Each structure stands twice: as C-alpha cells, then as structure tokens.
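Please model the complete structure; the sequences and the hints are all you need to start from.
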Amino acid sequence: MFENLQDRLNDVFGQLTKRGHLTEADVDKALKEVRRALLEADVNFKLVKDFIERIRQKSVGIELSKSITPGQQVIKIVHDELLATLGEAAPLNLGGGSPHIIMMVGLQGSGKTTTTAKLALHLRKSKYTPLLVAADTRRPAAIEQLVVLGRELNIPVYTENPSVPPPTICANAIKAAKANAQNVVILDTSGRLQIDESLMEELSQIKAMTNPQEVLLVADSMTGQEAVKVAEGFHKQVNLTGLILTKIDGDARGGAAISIRSVTGIPIKFLGTGEKSRDLEVFHPDRLASRILGMGDVVSLVEKMEESIDEEVAERGAQRLMEGSFNLEDFLEQLQQLKKLGPLAKVMEMIPGMGEMAKSIPQGEVEKQLKATQAIINSMTGKERRNSKILNGSRKLRIATGSGTTVQEVNQLLSKFGQMQKMMKQFKNPRMRQNLMKMFGLGK
Amino acid sequence: MFKKLFGGKSITEALGGAKIKESLTRTRNSFFGQINTLFGGETIQPDLWDDLEALLIQADVGVDTTTELVEKVKDRVQLEGITRPAQAQAILQQEMQKLLEGFAPSAVEEYRILTVILIVGVNGSGKTTTIAKLAKLYQQQGKKVVIAAADTFRAAAIDQLKVWGERIDCPVVAGQPDSDPGAVVYDALKSSFARKANILIIDTAGRLHTKYNLMKELEKLHSIASKQVHAAPHETLLVLDGTTGQNAISQAKSFKESVQITGVILTKLDGTSKGGAVFAIGKELGVPVRFIGTGEGVDDLTLFDPPTFVSGLFAV
Ligand SMILES: Nc1nc2c(ncn2[C@@H]2O[C@H](COP(=O)(O)OP(=O)(O)O)[C@@H](O)[C@H]2O)c(=O)[nH]1
Ligand SMILES: [Mg+2]
Chain A
1 MFENLQDRLN
11 DVFGQLTKRG
21 HLTEADVDKA
31 LKEVRRALLE
41 ADVNFKLVKD
51 FIERIRQKSV
61 GIELSKSITP
71 GQQVIKIVHD
81 ELLATLGEAA
91 PLNLGGGSPH
101 IIMMVGLQGS
111 GKTTTTAKLA
121 LHLRKSKYTP
131 LLVAADTRRP
141 AAIEQLVVLG
151 RELNIPVYTE
161 NPSVPPPTIC
171 ANAIKAAKAN
181 AQNVVILDTS
191 GRLQIDESLM
201 EELSQIKAMT
211 NPQEVLLVAD
221 SMTGQEAVKV
231 AEGFHKQVNL
241 TGLILTKIDG
251 DARGGAAISI
261 RSVTGIPIKF
271 LGTGEKSRDL
281 EVFHPDRLAS
291 RILGMGDVVS
301 LVEKMEESID
311 EEVAERGAQR
321 LMEGSFNLED
331 FLEQLQQLKK
341 LGPLAKVMEM
351 IPGMGEMAKS
361 IPQGEVEKQL
371 KATQAIINSM
381 TGKERRNSKI
391 LNGSRKLRIA
401 TGSGTTVQEV
411 NQLLSKFGQM
421 QKMMKQFKNP
431 RMRQNLMKMF
441 GLGK
Chain B
1 MFKKLFGGKS
11 ITEALGGAKI
21 KESLTRTRNS
31 FFGQINTLFG
41 GETIQPDLWD
51 DLEALLIQAD
61 VGVDTTTELV
71 EKVKDRVQLE
81 GITRPAQAQA
91 ILQQEMQKLL
101 EGFAPSAVEE
111 YRILTVILIV
121 GVNGSGKTTT
131 IAKLAKLYQQ
141 QGKKVVIAAA
151 DTFRAAAIDQ
161 LKVWGERIDC
171 PVVAGQPDSD
181 PGAVVYDALK
191 SSFARKANIL
201 IIDTAGRLHT
211 KYNLMKELEK
221 LHSIASKQVH
231 AAPHETLLVL
241 DGTTGQNAIS
251 QAKSFKESVQ
261 ITGVILTKLD
271 GTSKGGAVFA
281 IGKELGVPVR
291 FIGTGEGVDD
301 LTLFDPPTFV
311 SGLFAV
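Sequences listed follow chains A and B, in order. Its first residue numbered 1, the first sequence is counted upward by one per residue in the numbering used here. Its first residue numbered 1, the second sequence is counted upward by one per residue in the numbering used here.
Calculated from the structure, these hints are not laboratory results. Here the structure is a predicted model, which means the values were calculated and not measured. Virtual Cβ for every residue (Gly too), placed ideally from N, Cα, C. Among the clues, some could well be false.
Claimed, not checked - 16 Å max Cα-Cα, derived EDC-like pairs, lysine to aspartate or glutamate:
1. A:276 x B:178
2. A:340 x B:217
3. B:143 x B:109
4. A:58 x A:81
5. A:340 x B:219
6. A:32 x B:110
7. B:253 x B:299
8. B:74 x B:101
9. B:162 x A:144
10. B:227 x B:187
11. A:76 x A:63
12. A:49 x B:53
13. A:46 x B:53
14. A:49 x B:51
15. A:49 x B:109
16. B:220 x B:180
17. B:143 x B:110
18. A:229 x A:197
19. B:74 x B:50
20. A:46 x B:51
21. A:32 x B:50
22. A:46 x B:50
23. A:32 x B:178
24. A:340 x A:310
Stated by the list, open to error - Output of the computed footprint for chain A on chain B, the stretches with three or more beta carbons under 8 Å from beta carbons of chain A:
25. 53 to 62
26. 149 to 156
27. 241 to 248
As the list claims (entries may be wrong) - These stretches of chain A come out as covered by chain B in the derived footprint (C-beta under 8 Å, 3 or more residues):
28. 34 to 42
29. 99 to 112
30. 130 to 143
31. 214 to 223
32. 247 to 254
Okay, structure coming up:
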C-alpha cells in the first residue's frame with residue numbers, strides 16, 4: 001500500500017543524473033522521502049530524526065557514480081546505516097551451568113507462548129532437552145495452551161495450580177528440571193503492560209529466583225511508536241538480553257525493531273514467521289533493513305509462494321516445460337496455482353521496482369484475463385488440451401460458446417500459447433536451459 | 001446515535017464518559033497534555049506546527065494523516081484570522097473529531113430476531129477477551145447472548161473462551177480442536193435459534209490479513225452466516241491492538257475487502273499507546289470505531305464516541 005522508496009527516490013533524482021555530486025538540496029529532497037519511509041515503517045519519531053541527521057552528513061557531497069542512480073546511492077547509505085543499527089543476528093547464550101534458563105517477557109498478545117514452543121523445538125533440534133514452564137497463570141487457558149503445544153511436540157511442560165505465585169512455579173520448575181536432567185528451561189510468563197508496577201515487580205521476582213541467562217523480549221512486528229517505551233520499561237526492570245520479533249509473515253514493515261534496538265542495544269535473536277512451531281527463523285539484518293525501507297521483499301514473496309503453491313504441481317510443470325511437452329492441460333494446472341497467490345497486483349508489489357507497474361494494472365484486470373483463459377481451457381476436451389493442433393473452426397466455436405468468450409479470444413490464447421511453446425522448445429538446448437536457470441538465480 | 005440502546009440516557013452517562021476519561025488519563029497527560037501546553041501561549045509561534053506534527057506522529061496517527069491535519073488547521077487559522085493558540089486547539093479538535101464521525105450507527109441497535117456479530121482480527125489482538133466483554137455488556141442490557149468458539153485452530157483457544165463463558169454465565173457453542181470452523185458457526189446459529197437468543201457472537205482464529213487462504217476461510221464463515229440468517233453477520237468487527245502502528249491501516253483495508261468489516265474495536269488502550277491509527281482508518285476507509293478495550297477484565301470495555309474520545313484526550 002505504501003509506495004516504494006526506490007520509486008520515490010528515482011522520482012526525486014529523475015533530473016539530476018548528469019551532475020557530478022549530490023548537493024545539499026538534492027540530499028534534503030531525498031531525505032524527506034527516507035524520513036517518510038521510516039515513519040511509515042513505525043520507526044520511532046525521535047530516532048528517525050537522529051537517523052536522518054546521520055544520513056545527511058554521509059550523503060552531502062558524495063560523488064555520483066556512473067553505474068548506479070543517485071537514488072540507489074542514497075538507498076545504499078540508508079541501508080548500510082540501518083544494518084549498523086540492526087546489528088548482527090546473535091545466537092542464544094547457553095553458557096553457564098545446566099539447566100540453562102530462558103525467560104520470555106512481553107506485552108499481552110505479542111506471541112510469547114507460541115514462541116516458547118518454537119524455541120523449545122529449535123533447541124531440541126540442537127540436542128537439548130527442554131522443559132517448558134507455564135508461568136502465565138492469569139490469562140484463561142494460557143496453561144492449557146502451552147500444555148497442548150508441548151504435547152504436540154512431545155516436549156514436557158511444567159504446570160502448577162494457577163493459584164501458586166508465578167515466581168514459585170518457576171523456581172519449582174527448575175528443581176524439577178534438575179531432577180529430570182532437562183538442560184534448558186523456558187519460562188513462559190504472562191503478558192503485561194510495562195506500566196503495570198505490580199506485575200513488573202513480579203518479573204523481577206521471577207528473575208531473582210531463577211537467574212536466567214537469557215531474558216528475551218517478545219515483541220509484535222506490528223508495534224507502533226510505543227515500542228520505545230515498551231522496550232525501555234522491560235529493559236529497566238529485568239535487563240533484557242535479546243529480542244524476538246514476531247508475526248513477521250504479515251506485511252508490517254517492522255520499524256519497531258530499530259526502535260527497540262536503539263533504546264536497549266539488545267541483539268535481535270529470532271524472527272517468528274508463522275503460527276506453526278517450526279516457524280522460527282534466525283534473523284537476517286539485510287532482509288529486515290530492506291523491509292523497513294519498503295524496498296520490496298523478494299524473500300517474503302518466495303516464502304509466500306512456498307506457502308501457497310503445491311510443490312509437486314509446480315515441479316511437474318517445470319519438468320514438462322524443460323522437456324518441451326508442456327500442453328494446455330499443464331498450463332491450466334499452473335494457472336490454478338498462480339491464483340492461489342492472491343491478487344497479482346499484490347504479488348507484484350512485493351517485487352522491488354514493480355510497485356509502479358502494479359499500480360498501472362487496472363484492478364482485477366489480470367484476474368479477469370486469467371479467468372477467461374481458464375474458462376476457455378476448461379471448455380476443451382482432454383484431447384484438445386493435450387493436442388491443440390486439432391482445434392478447427394467448429395471446435396473453436398464450441399469452446400467460445402462454452403466459455404462465454406469469443407472465437408477471437410480463443411485464437412488469441414492459442415497464438416500466445418503457441419509462442420510460449422516455441423520458446424519452451426529452446427529449453428531442450430542445454431545452453432538455453434542454463435541461461436534460464438541463471439535468470440532465476442539457480443545453477444551456476 | 002446510541003440513545004436508543006441506552007433508553008434515552010446519553011452514552012456518557014450510560015457507559016462511556018467517566019471510564020474513557022479515566023483510561024485515557026495517562027494518554028492525556030503524556031501526549032495531549034503536551035498539546036495543551038503547546039496551545040497554552042498568547043500567540044501562535046511558528047514552531048507550534050512542527051511540535052504538533054511530532055506529537056501526532058508519535059501517537060501513531062501516521063505521516064499522511066498528520067500532514068493533512070496540520071495543514072488543515074494551519075489553513076483555517078489563517079483563513080479565519082485566528083491568533084490565539086487556544087482557538088487553534090479548538091479547530092484541531094474539531095478536525096480530528098470529523099475524521100471519526102459520520103458513519104452508520106451500530107446494526108446491533110436494530111430490532112431483529114437474531115443479531116449475528118462476527119469478530120475478526122490478527123493473532124493476539126484481543127478478540128477472545130473482547131468477546132467476553134461484549135457478551136457481558138449485551139447481557140447487562142437484558143439480551144440473551146450465545147458465543148460461537150470458531151477458533152478451532154489455536155491451541156486451547158476453545159478452553160479460553162469456555163472459561164470466559166462460565167465466568168459470565170453465557171453459553172459457548174464449540175466443536176473439537178482443529179475441526180471445521182464453518183461447522184461450529186452453523187451449529188451455533190442453529191443453537192441460537194433453538195435457545196431464542198438475541199445475539200450470537202462468533203470468535204474466529206487470529207489470522208494475518210496477508211494470508212490468502214485464511215482470508216478465504218473467513219469469507220466462507222461470513223457466507224455461512226449470511227445463508228442461515230438474513231443479512232448476517234449484521235456486524236463484522238475488527239479487533240485492533242491499540243499498540244499497532246501503521247500496519248493497522250493495512251489490516252483494516254484487507255479485512256474490509258474480504259469480510260466488509262462494519263467497525264473496529266480498539267484494544268489495550270490501558271497501556272501507553274495512543275491508538276492514533278484510528279484517525280487514518282476513519283479517514284481512508286470510513287470504518288468507525290465502536291468500542292475500546294481498556295484492560296484484561298471483563299468490564300474493561302467502553303463504547304467509543306468520537307466527541308467523548310477527542311475531548312477526553314484534550315481535557316486538562
Ligand atoms: N492490557 C490489555 N490486555 C488485553 C486487552 N484485551 C485483550 N488483552 C490481552 O491480550 C492477550 C491476547 O488476547 P486474546 O483475547 O487471547 O487475543 P486473540 O488471540 O485475538 O483472541 C490476552 O493476554 C488478553 O488478556 C486490553 O484491552 N488491555
Ligand atoms: Mg482468540
């Protein structure tokens with residue numbers, strides 16, 4: 001929904017490709033766009049101000065390169081500065097004696113319980129034997145939620161009666177872990193507001209009684225300007241050691257990560273990328289930086305495709321494409337896959353530089369075309385689909401009538417498909433095939 | 001517009017006023033309190049506009065809406081020959097209020113045999129808790145309420161709702177975990193008729209608005225309701241976390257496109273968040289805010305009323 005920063009900067013710099021270096025006025029114009037992009041990404045207002053000042057100092061007077069546009073040059077500076085702020089991904093600190101204690105904290109609804117289960121799964125893959133502790137005694141059925149997740153993953157969950165104070169539950173859980181030789185304990189605490197004094201005090205008690213190596217703030221990637229206050233509040237109370245940013249599989253730009261990093265200095269440890277227990281990822285600063293800038297997110301697009309597309313069908317299509325035996329039936333199958341991705345304009349918005357193009361397509365136009373194409377192929381017999389050469393005038397008329405289109409449209413589809421087939425025949429040529437693979441970033 | 005619902009009492013008396021003011025005290029002091037000092041001087045200083053912009057953006061109002069608001073107030077100040085900051089404040093207040101007003105009243109007010117309310121939103125926004133609050137509110141108005149536990153996906157979501165159901169003594173129609181949510185909705189509709197209920201509130205699984213298949217599933221739930229009851233769901237309410245920043249607009253847009261949300265419930269306003277995204281949602285989508293959530297307790301729900309909301313924010 002937001003315009004791409006790259007497109008906007010290209011607009012700003014449209015006229016000045018010929019000049020030698022960036023003037024103050026050029027930079028000011030560009031920085032206005034950068035500021036806007038950062039604010040739209042929910043980076044805290046005050047931090048944006050400082051950030052822009054740093055970029056200004058680095059941008060004025062730089063020499064324009066011949067190979068990249070001034071817009072790209074400014075973006076590079078901004079991107080690098082963002083990378084510096086985001087820092088490197090940090091692994092979990094599992095030093096010290098066993099069991100290692102990890103404490104999860106955060107606002108209500110940020111994703112602590114789900115993330116607790118994800119971390120446990122992640123750790124078990126590295127041969128740890130985790131114990132989960134249901135210390136959220138306040139939210140109805142929060143204990144059950146963790147128990148269900150533990151059962152699904154076959155990971156033990158420590159529970160007590162919800163009337164027992166959470167610090168006591170946590171301390172008891174650690175004793176239990178020791179007794180059962182479980183070497184990591186993850187404490188799932190209740191969600192709380194950072195301004196709730198008594199509940200914040202409870203966190204300090206839990207911390208004092210369990211002495212955790214890691215105190216992880218679980219924050220929603222959709223968080224707005226308040227991220228700063230939230231992070232400050234928790235950090236002051238329990239000295240955070242890391243951040244997990246959740247729900248990154250949505251379309252939030254995630255500027256809160258910058259805010260939290262800036263005010264606490266804690267490293268980002270993981271990203272939550274879905275509702276399933278396996279959906280936990282190591283954090284990639286460059287991907288998040290591009291995302292915050294609204295520079296399109298090819299990686300997310302690929303993930304989206306992976307999520308919605310039936311791999312077998314896609315592979316079968318690719319195989320037949322390579323063999324040069326791709327027919328209308330295969331085409332239909334692939335079209336149905338494409339439709340699952342959702343509105344095409346939305347998909348295109350995720351590709352860097354395609355934002356403008358996506359806007360130029362009238363809404364629903366592509367979908368209408370796809371629908372017509374599908375209707376035409378659906379009106380063909382199996383034999384016709386597999387061998388489009390047999391389509392004569394009367395067959396075409398029947399298909400047009402059956403699909404509610406015209407013979408002309410049927411012809412158009414066939415001629416496009418014919419061209420496609422011709423192109424695909426060339427894939428039989430190994431060199432062409434290699435080039436194609438390269439184009440998609442595959443092969444060498 | 002809520003008069004009918006509250007037997008002639010103003011909404012402020014019936015439900016909102018005191019509570020809104022109380023829960024927004026923090027907001028007022030930390031945020032709009034600053035506006036009050038901004039508007040406190042004798043003459044309008046040039047940096048007033050920058051300070052104002054800063055404050056609005058920090059309240060998650062968003063760049064575009066903030067710029068428009070500030071420009072509008074600036075223009076009017078000039079046009080109307082205003083010199084005193086306090087008058088400028090009044091104009092700002094009016095303009096902010098305008099963005100939140102003028103939408104259709106709640107369909108729950110209309111008389112019909114069964115009113116169906118569908119609750120939607122992203123994960124963790126506060127749907128289930130809010131449903132308990134809503135159910136209790138309508139019960140207190142003498143309505144017979146049934147709740148449908150159609151979040152069959154999240155672990156223990158059904159249990160969570162059942163606990164609330166017991167606490168407020170409200171029947172909860174549920175199926176098995178991981179069962180078809182459509183079947184739960186269908187059963188709940190049948191059960192509501194059998195029980196002669198006035199209101200059915202449907203809880204749904206949290207879903208990110210970018211997930212195509214999950215949004216399709218939601219559309220299916222929507223259409224199941226509409227097939228069983230004329231014009232149902234009569235209200236489709238988006239539960240929005242008040243801590244959310246600019247993504248709120250994207251959420252509202254997507255949920256509006258797929259299930260035609262008729263209103264927003266803004267939760268977690270008991271924190272330090274300002275919920276300023278509401279202004280953009282009103283301006284761009286014309287979707288009204290119906291309620292605000294101000295805590296984890298079952299009574300922490302307040303009717304949203306633009307004048308009360310805005311003047312509450314400005315009150316000293
Ligand atoms: N502070 C506060 N917490 C809330 C509010 N509404 C819901 N919550 C909490 O937010 C968390 C998620 O709520 P839940 O209803 O389970 O969200 P759902 O996933 O959307 O159904 C729970 O811990 C609730 O207690 C509110 O208005 N204020
Ligand atoms: Mg729920």
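Against the structure, the hints come out as follows:
{"no.": "1", "hint": "A:276 x B:178", "result": "holds, 13 Å"}
{"no.": "2", "hint": "A:340 x B:217", "result": "holds, 13 Å"}
{"no.": "3", "hint": "B:143 x B:109", "result": "holds, 12 Å"}
{"no.": "4", "hint": "A:58 x A:81", "result": "holds, 10 Å"}
{"no.": "5", "hint": "A:340 x B:219", "result": "holds, 15 Å"}
{"no.": "6", "hint": "A:32 x B:110", "result": "violated, 49 Å"}
{"no.": "7", "hint": "B:253 x B:299", "result": "violated, 29 Å"}
{"no.": "8", "hint": "B:74 x B:101", "result": "violated, 21 Å"}
{"no.": "9", "hint": "B:162 x A:144", "result": "holds, 12 Å"}
{"no.": "10", "hint": "B:227 x B:187", "result": "holds, 13 Å"}
{"no.": "11", "hint": "A:76 x A:63", "result": "holds, 13 Å"}
{"no.": "12", "hint": "A:49 x B:53", "result": "holds, 13 Å"}
{"no.": "13", "hint": "A:46 x B:53", "result": "holds, 12 Å"}
{"no.": "14", "hint": "A:49 x B:51", "result": "holds, 13 Å"}
{"no.": "15", "hint": "A:49 x B:109", "result": "violated, 47 Å"}
{"no.": "16", "hint": "B:220 x B:180", "result": "holds, 11 Å"}
{"no.": "17", "hint": "B:143 x B:110", "result": "holds, 13 Å"}
{"no.": "18", "hint": "A:229 x A:197", "result": "holds, 14 Å"}
{"no.": "19", "hint": "B:74 x B:50", "result": "holds, 11 Å"}
{"no.": "20", "hint": "A:46 x B:51", "result": "holds, 12 Å"}
{"no.": "21", "hint": "A:32 x B:50", "result": "holds, 14 Å"}
{"no.": "22", "hint": "A:46 x B:50", "result": "holds, 13 Å"}
{"no.": "23", "hint": "A:32 x B:178", "result": "violated, 49 Å"}
{"no.": "24", "hint": "A:340 x A:310", "result": "holds, 10 Å"}
{"no.": "25", "hint": "53 to 62", "result": "holds (count 6)"}
{"no.": "26", "hint": "149 to 156", "result": "holds (count 4)"}
{"no.": "27", "hint": "241 to 248", "result": "holds (count 7)"}
{"no.": "28", "hint": "34 to 42", "result": "holds (count 5)"}
{"no.": "29", "hint": "99 to 112", "result": "holds (count 5)"}
{"no.": "30", "hint": "130 to 143", "result": "holds (count 5)"}
{"no.": "31", "hint": "214 to 223", "result": "holds (count 3)"}
{"no.": "32", "hint": "247 to 254", "result": "holds (count 6)"}
Of the numbered hints given earlier, the model fails hints 6, 7, 8, 15, 23; all others are met.
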